[in-house]
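With the hints as your guide, set chain X onto chain E.
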Amino acid sequence: MTETTEIMTETLILTEALKTALTARFTALADDEITLSHRVAEWTGHAPLLEEDIALANIAQDELGHGTLWLGLRAALDGSNADALAYHRDAAEYRNVPLTELPKGDWAFTMVRQYLFDAWEVLWLDTARQSSYVPLAEAAAQALREEKFHLQHTALWVERLALGTPESTRRMQDALNQLWAYALGLFDPLPAEADAVAAGLLPDVAALQTRWLGLVRGHLEGVGLSIPSASELSASPLPYSRSQHTEHLAPLLADFQRVAREFPESQVW
Amino acid sequence: MTQIQNASASAPVLAALPVETPEQLEAFEARIAAGEKIEPGDWMPAEYRRQLIRMISQHAHSEVVGMLPEGEWIRFAPSLKRKLILMAKVQDEAGHGQYLYHAAETLGATREEMVDALLSGKAKYSSIFNYPTHSWADVGMIGWLVDGAAIKNQTMLAGCSYGPYSRAMVRICSEETFHHKQGKEMIVLYAQGTPKQREMAQDALNRWWWPSLMMLGPHDADSPNSGVLSRWGVKLKSNDEVRQEYMNEHVPELLEAGLTIPDSDLHQDEQGNWRHGAIDWTEFWAVVKGERGLNKERLGARQQAHTDGAWVRDALDAYAVRESGATRA
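Sequence order for the protein chains is E and X.
Okay, so the first sequence: first residue is 4 according to this note's numbering, each after it adds one.
Okay, so the second sequence: first residue is 87 according to this note's numbering, each after it adds one.
Quick caveat, the hints were computed from the structure, so don't treat them as lab data.
No false leads were mixed into what you were given.
Lysine-lysine pairs mimicking DSSO-like chemistry, simulated, CA-CA at most 27 Å apart:
hint, chain 1, residue 1, chain 2, residue 2
1, X, Lys210, X, Lys382
2, X, Lys323, X, Lys210
3, X, Lys382, X, Lys208
4, X, Lys382, E, Lys107
5, X, Lys167, E, Lys107
6, X, Lys282, X, Lys167
7, X, Lys323, X, Lys375
8, X, Lys210, X, Lys375
9, X, Lys167, E, Lys151
Predicted, not measured: the structure shown is a model, and the values here were computed from it.
Just chain E, same shape as in the assembly:
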């Protein structure tokens, strides 16, 4: 961050517009983590190796923990309640990227998605550590420690499966072909985020995309996988976004919110 932003830290006054931008970003981050955690946890008891039941349950817990962290930051700004937000918003109100709501697929799909997401999250958190909004800087530093382990784990899986058997290579390439356009959705700036980025409060996702591309392209191509070309992607842009979900989010939330909504009078669980 620049010297100007450091000076701003001491005198930072959050205008309503900045608060709105932060709130929107915290919600988007939380919804990404909550939905992804839900998908990852679906492997618990069904993973290809017992060791991966353990590892994936760990990743799912970390992601859910981060989701709770972001909802806590949002609560500090608008007094909202984390469980109320998670359990009593409908699909249309969720702001996760479609990437995280897609069904878990096979092991290759799960690993490629997690890898692409982890790489994004590590870079986002690494930048957010220097946010002029101190609560965010602190939360990012905390989450980054865990996220680096996820990235190590999934990067190694990407390597092993890409270089394993013809079948594993094919499954990895298929997964990458399906997921790449969805992953790019992580870098769509949120509406009204520009001022918060300019004020040094939030990372600039467009700048992050360049770093992310460098990181994941190097690794994926290094293990022999091909990234779909820009022309292939622009030929069929996704009709989905953080506010326009796939058909998979509503069933995910129907499971996720089932018990909480079955007992609407129960405030305490």
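Showing chain X alone in chain E's frame:
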């Protein structure tokens, strides 16, 4: 979570054992009598090894299959905190399975053999996991009662004569104690919560009470494996003794929570022990034999995971070969 203590395991096949001298056996039993731990490289009777592999691997299988009934509820957990706790708990079960498979490996069994025995239906696992989970409160009740019963059994096994199993039990018990506390905390909260939460907690108790008593194994008179296991310091208490400890701890706590135990003959005797009414063992054996309950579904889920994961394990093997080639080159 627990290993089954059923009487269905085959009787010792003494004729097939290698020659063991009376001196060897005497020295081994003297060590056990002196309270020494038997370690992997030590001499041990083949029957001791066989019984331990059977028990430890069954215990490991129980942890792995035990992930399923509760794991199903991770997706439905009604708050972020409960979801996190349940994920951590099921993860612990996987960790216990892994740890126990390693303990059995010290006796010469391989993970592949043990997993094959589970998937083919040859090996047993605790039949408690063949009961269905009907509501969210089942997650709490399993933690409180099933893990509570398992802890009683495992605390005993922590004192057993085989070092690796004994140490595994110490570690596993400390984690199970967390699960037990979490389950109890949840059920006590619901028992004092809204009428619907209360009803859900009572319904869960009605369904889990008898299975939790039965999971501690048949009455002593009907437990044929117990003789040799107690002589060699593997089972330090009988099934009925462990069941009594379980009752004495849990009955007063359940009553204090305001719940009703589904046993009209339940009473306290002159010594202060809580005594249960007659147990319907026909149900227990029907579930053990897979005639009732979800044995097919549970094994089916494990078989499916194994089949679906075959290409992943093949890829890991191929990658390992490739890497070792690269290292040599």
